[in-house]
Amino acid sequence: MATGPSGLGSEIVSVINKLQDVFTSIGSSGASIDLPQICVLGSQSSGKSSVLENIVGRDFLPRGTGIVTRRPLVLQLINRPAVPGAAQVNGVDKGTDKAANPDEWGEFLHLPGEKFFDFTKIRDEIVRDTEAKTGKNAGISPQPINLRIFSPNVLTLTLVDLPGLTKVPVGDQPRDIEKQIRDMLMKYIIKPGCIILAVTGANTDLANSDGLKMAREVDPEGTRTIGVLTKVDLMDKGTDVVEILAGRIIPLRLGYVPVVNRGQRDIETNKPISAALDNEREFFENHPSYKGKAQFCGTPFLARKLNMILMHHIRATLPDIKGRISQNLQKFNAELQTLGGPLGDGNSGNIVLSVITEFTSEFRTTIDGNTNDLSLNELSGGARISFVFHELFNNGIKSIDPFDQVKDGDIRTILYNSSGSTPALFVGTAAFEVIVKQQIKRLEEPSIKCCQLVYDELIRILGQLLSKVQAFRRYPALRERFNAVVVNFFKKSMSPTTKLVSDLVAMQACYVNTTHPDFIGGHQATALVTEKLNAAKPPPAANDPKAARARLNNDKDLDVDAKREEQSFFGSFFAAKTGTATKKKGAAVMEAPPPMIKPQSALNERETMETEVIKTLIHSYFNIVKREMIDMVPKAISLTLVSHSKENLQRELLQELYKPEVLDDLLKESEFVVSRRKEVLSMVQALNKAEEIVAGV
Numbered sequence: 001m002a003t004g005p006s007g008l009g010s011e012i013v014s015v016i017n018k019l020q021d022v023f024t025s026i027g028s029s030g031a032s033i034d035l036p037q038i039c040v041l042g043s044q045s046s047g048k049s050s051v052l053e054n055i056v057g058r059d060f061l062p063r064g065t066g067i068v069t070r071r072p073l074v075l076q077l078i079n080r081p082a083v084p085g086a087a088q089v090n091g092v093d094k095g096t097d098k099a100a101n102p103d104e105w106g107e108f109l110h111l112p113g114e115k116f117f118d119f120t121k122i123r124d125e126i127v128r129d130t131e132a133k134t135g136k137n138a139g140i141s142p143q144p145i146n147l148r149i150f151s152p153n154v155l156t157l158t159l160v161d162l163p164g165l166t167k168v169p170v171g172d173q174p175r176d177i178e179k180q181i182r183d184m185l186m187k188y189i190i191k192p193g194c195i196i197l198a199v200t201g202a203n204t205d206l207a208n209s210d211g212l213k214m215a216r217e218v219d220p221e222g223t224r225t226i227g228v229l230t231k232v233d234l235m236d237k238g239t240d241v242v243e244i245l246a247g248r249i250i251p252l253r254l255g256y257v258p259v260v261n262r263g264q265r266d267i268e269t270n271k272p273i274s275a276a277l278d279n280e281r282e283f284f285e286n287h288p289s290y291k292g293k294a295q296f297c298g299t300p301f302l303a304r305k306l307n308m309i310l311m312h313h314i315r316a317t318l319p320d321i322k323g324r325i326s327q328n329l330q331k332f333n334a335e336l337q338t339l340g341g342p343l344g345d346g347n348s349g350n351i352v353l354s355v356i357t358e359f360t361s362e363f364r365t366t367i368d369g370n371t372n373d374l375s376l377n378e379l380s381g382g383a384r385i386s387f388v389f390h391e392l393f394n395n396g397i398k399s400i401d402p403f404d405q406v407k408d409g410d411i412r413t414i415l416y417n418s419s420g421s422t423p424a425l426f427v428g429t430a431a432f433e434v435i436v437k438q439q440i441k442r443l444e445e446p447s448i449k450c451c452q453l454v455y456d457e458l459i460r461i462l463g464q465l466l467s468k469v470q471a472f473r474r475y476p477a478l479r480e481r482f483n484a485v486v487v488n489f490f491k492k493s494m495s496p497t498t499k500l501v502s503d504l505v506a507m508q509a510c511y512v513n514t515t516h517p518d519f520i521g522g523h524q525a526t527a528l529v530t531e532k533l534n535a536a537k538p539p540p541a542a543n544d545p546k547a548a549r550a551r552l553n554n555d556k557d558l559d560v561d562a563k564r565e566e567q568s569f570f571g572s573f574f575a576a577k578t579g580t581a582t583k584k585k586g587a588a589v590m591e592a593p594p595p596m597i598k599p600q601s602a603l604n605e606r607e608t609m610e611t612e613v614i615k616t617l618i619h620s621y622f623n624i625v626k627r628e629m630i631d632m633v634p635k636a637i638s639l640t641l642v643s644h645s646k647e648n649l650q651r652e653l654l655q656e657l658y659k660p661e662v663l664d665d666l667l668k669e670s671e672f673v674v675s676r677r678k679e680v681l682s683m684v685q686a687l688n689k690a691e692e693i694v695a696g697v
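With UniProt numbering applied, the sequence shown closes on residue 697, and no number is skipped along the way.
Since the hints were made in silico from the structure, they are not lab data. One or more hints might be untrue.
Claimed, not checked - Straight-line distance between alpha carbons at most 20 angstroms, and here's what the computed PhoX-like set of lysine-lysine pairs gives:
| hint | residue 1 | residue 2 |
| --- | --- | --- |
| 1 | K491 | K678 |
| 2 | K237 | K291 |
| 3 | K331 | K98 |
| 4 | K678 | K659 |
| 5 | K18 | K689 |
| 6 | K213 | K98 |
| 7 | K492 | K635 |
| 8 | K398 | K213 |
| 9 | K441 | K237 |
| 10 | K398 | K437 |
| 11 | K441 | K167 |
| 12 | K98 | K133 |
| 13 | K121 | K133 |
| 14 | K167 | K213 |
| 15 | K499 | K635 |
| 16 | K689 | K659 |
| 17 | K213 | K121 |
| 18 | K398 | K615 |
| 19 | K18 | K167 |
| 20 | K293 | K305 |
| 21 | K437 | K492 |
| 22 | K678 | K322 |
| 23 | K678 | K689 |
| 24 | K115 | K98 |
| 25 | K305 | K499 |
| 26 | K441 | K492 |
| 27 | K305 | K322 |
| 28 | K331 | K468 |
| 29 | K437 | K626 |
| 30 | K231 | K179 |
| 31 | K449 | K398 |
| 32 | K191 | K213 |
| 33 | K191 | K179 |
| 34 | K678 | K492 |
Claimed, not checked - What follows is a list of derived Cβ distance ranges for each label pair:
| hint | residue 1 | residue 2 | range |
| --- | --- | --- | --- |
| 35 | N488 | E671 | 47 to 57 angstroms |
| 36 | T365 | K668 | 54 to 64 angstroms |
| 37 | N648 | D503 | 43 to 53 angstroms |
For each residue, glycine too, the CB sits at the ideal point set by N, CA and C.
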């Protein structure tokens, strides 16, 4: 490695320069690699440009009012000893630059092979390329300009000149120019690999320094910030920056360096930088506050210090850079494979076959729950189908109450209607069957709804797999066709599923099995109801002998004549009326029955008894049917929809997609994939090159 004062650490710095070129050439700033670099930070009037020009020793940066630096300038200084006889070889065209010589030139990364010996042309090219990217107004762009300067008078060093901080928009600058610049600077200085060169005018209060304030936000300990104090010669008489240099105001681990730049008048009169550097040296050597430490002041010391800092910083971060290059190379190589490799895949038939196989395999594992990427936060795949069966459907069926639509009065009417023209002696089974069948039919709607919910879950799984399988990103036509075929397959499977589920309900409704072992039966229902009703009756008076006799004779007291008119069989169908039949000339007159006969009064004791028995029977049998439906409907849906899809989806996809005439249309790649493959390929090539560069260090 070069160890002379001019070439100090030049090889190790050149490694980073090469890496910067590699990543800039592919349109990436190497952001994922975070290369070590020195970024120059300061407000517009702090003298940033003058510091950089003094370090280089030549005028080459654009000047003017407002924002002059509108794009980051990656300035790579490369020490190259003077070569005797170079003038004949290089044939320098001095143009407007009197200081042009064959040993100093600049090269832009965007103009490969073109050497600029005339440094005024470098300035013009910076302006031209900036305007090409940002327009002529005062807009800014984060895309860097890479400029390499070869000279025997520089130390090997890499600096990034960032746009100056500004507060108020001027002219046609965007209203949010301050935020735009601040956001751009933050992207650079927030990286741990960035050394911040904070430039501040010594004739302003250090506490108000924009550059230092921003540096403190990302580097609160001051471990990677170096301060540069400009305009030291413009300070009031009797004042100096000794307290700042001693670290008593705002301490920085890397310290401060005071410099003296050319004034505006010197620039306008084209005072040579070499003369300005002589003036700077004389100022520090003769100033009473600085003469004892003059060797630690001025631009030459700043350049040496920056060279040492950058070299040590690169050495410290190089192992990490190697690791990240290798890591990124693996990542982009893996992505390149998913995009079909550098040239895309070959045989279209094989691609479709492998996609069908991968899709159906993923479909099965998602439903069975064998997938590797099981979610920790929510149910997915087959678990959601299970939730539909055992939570939604189960609770939906259980919540159906057979008596929320059938009231006691309705049961009474059905009892009378079911006994026909002859009043029934016992509770009629016909009434029980009529009501229970009506209620069983109510189970069809939630059962069909359950089919629809499971279908929706299968569509959801389809959507997840279309996003998950990488090939679908490459081939949008294949994705669309896949989606259409699978959705159509699910729809076709829904017909037998809903028929089977409807048939299950119809089976239950068409045959009421009163011999079911869990069914309560008529005798037991009657006994239960009698016991319940008797428990609710008030006990008769103990000393009433007639009451005892009445109980023995079915509530008829045989000792006496009836004192009251007993309600007739159909008594509850008429409101209590006086004079329903009046005697007329000794003959009874009957009225014709009304067009519609409805119960008018409350249930009598016998009707209450019969109604309660019917309700008990319905309740018992309906619960049996509900249990059977909760058990059978999920089995039916699993058979004809879920399992059917798992077993037959692959065959359906092969039949619909694996046809020679459609293969080429299906495998047309999306524009995104083509452009992304190009990006990834260039990234892989850049990383391979970067790996070669760092391998030998």
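Tested hints:
In summary, the hint linking K491 to K678 is not supported, as the alpha carbons are separated by about 40 angstroms, beyond the 20 angstroms threshold. In summary, the hint linking K237 to K291 is supported, as the alpha carbons are separated by about 16 angstroms, within the 20 angstroms threshold. Simply put, K331 and K98 have alpha-carbon atoms about 51 angstroms apart, too far for the 20 angstroms limit, and the pair is violated. A threshold of 20 angstroms between alpha carbons decides the hint, and for K678 with K659 the separation of about 30 angstroms lies outside it, so the pair is violated.
Taking the CA atoms of K18 and K689, the gap is near 9 angstroms; set against the 20 angstroms cutoff, the hint holds. Between the alpha carbons of K213 and K98 the distance comes to roughly 40 angstroms, so the proposed pair goes past 20 angstroms and is violated. This hinted pair checks out: K492 and K635 have alpha carbons roughly 18 angstroms apart, not beyond 20 angstroms. For the suggested pair K398 and K213, the alpha carbons sit about 68 angstroms apart, so the restraint of at most 20 angstroms is broken.
Between K441 and K237, the direct Cα distance comes to roughly 103 angstroms. Violation of the 20 angstroms bound is thereby established for this hinted pair. Between K398 and K437, the direct Cα distance comes to roughly 17 angstroms. Compliance with the 20 angstroms bound is thereby established for this hinted pair. Restraint check for K441 and K167: not satisfied, since their Cα atoms lie roughly 76 angstroms apart, outside the 20 angstroms limit. With a CA separation close to 30 angstroms, the supplied pair K98 and K133 exceeds the 20 angstroms bound.
Between K121 and K133 the CA atoms are separated by roughly 18 angstroms; this keeps the pair inside 20 angstroms, and the hint holds. Distance restraint check for K167 and K213: the Cα-Cα separation of roughly 14 angstroms lies within the 20 angstroms cut-off, and the hinted pair is therefore satisfied. Taking the CA atoms of K499 and K635, the gap is about 14 angstroms. The hint holds against a cut of 20 angstroms. Simply put, K689 and K659 have alpha-carbon atoms about 43 angstroms apart, too far for the 20 angstroms limit, and the pair is violated.
For the proposed pair K213 and K121, the alpha carbon gap of about 35 angstroms is over 20 angstroms, so the pair is violated. Taking the CA atoms of K398 and K615, the gap is about 17 angstroms. The hint holds against a cut of 20 angstroms. A threshold of 20 angstroms between alpha carbons decides the hint, and for K18 with K167 the separation of about 36 angstroms lies outside it, so the pair is violated. Restraint check: the Cα-Cα separation between K293 and K305 comes to about 15 angstroms, which is no more than 20 angstroms; the hinted pair holds.
Proposed proximity of K437 and K492 is contradicted: the alpha carbons are some 30 angstroms apart, above 20 angstroms. About 24 angstroms separates the Cα atoms of K678 and K322, which puts this hinted pair outside 20 angstroms; it is violated. A distance of roughly 16 angstroms separates the Cα atoms of K678 and K689; the hinted pair therefore holds under the 20 angstroms criterion. Restraint check for K115 and K98: satisfied, since their Cα atoms lie roughly 17 angstroms apart, inside the 20 angstroms limit.
For the hint pairing K305 with K499, the CA-to-CA distance comes to about 85 angstroms; that exceeds 20 angstroms, so the pair is violated. A C-alpha spacing of about 25 angstroms is found between K441 and K492, which places the hinted pair above 20 angstroms, so the restraint is violated. The suggested pairing of K305 with K322 is violated, with an alpha-carbon distance near 26 angstroms, which exceeds 20 angstroms. Between K331 and K468, the direct Cα distance comes to roughly 18 angstroms. Compliance with the 20 angstroms bound is thereby established for this hinted pair.
Under the criterion of a C-alpha separation no larger than 20 angstroms, the hint pairing K437 with K626 is consistent with the structure, at around 12 angstroms. Proposed proximity of K231 and K179 is contradicted: the alpha carbons are some 27 angstroms apart, above 20 angstroms. A hinted pair counts as satisfied when its Cα atoms are at most 20 angstroms apart, and K449 with K398 qualifies at roughly 15 angstroms. Note on K191 and K213: the hinted pairing holds, with a Cα-Cα distance of about 17 angstroms set against a maximum of 20 angstroms.
About 19 angstroms separates the Cα atoms of K191 and K179, which keeps this hinted pair within 20 angstroms; it holds. Among the hinted pairs, K678 with K492 is inconsistent with the structure: their alpha-carbon atoms are about 42 angstroms apart, more than 20 angstroms. Look at N488 against E671: about 28 angstroms separates their beta carbons, and that is not inside 47 to 57 angstroms. Against the hinted window of 54 to 64 angstroms, the Cβ-Cβ separation of T365 and K668 comes to about 29 angstroms, which falls outside the hint.
One distance hint, 43 to 53 angstroms for the beta-carbon pair N648 and D503, is violated here, with the actual separation near 21 angstroms.
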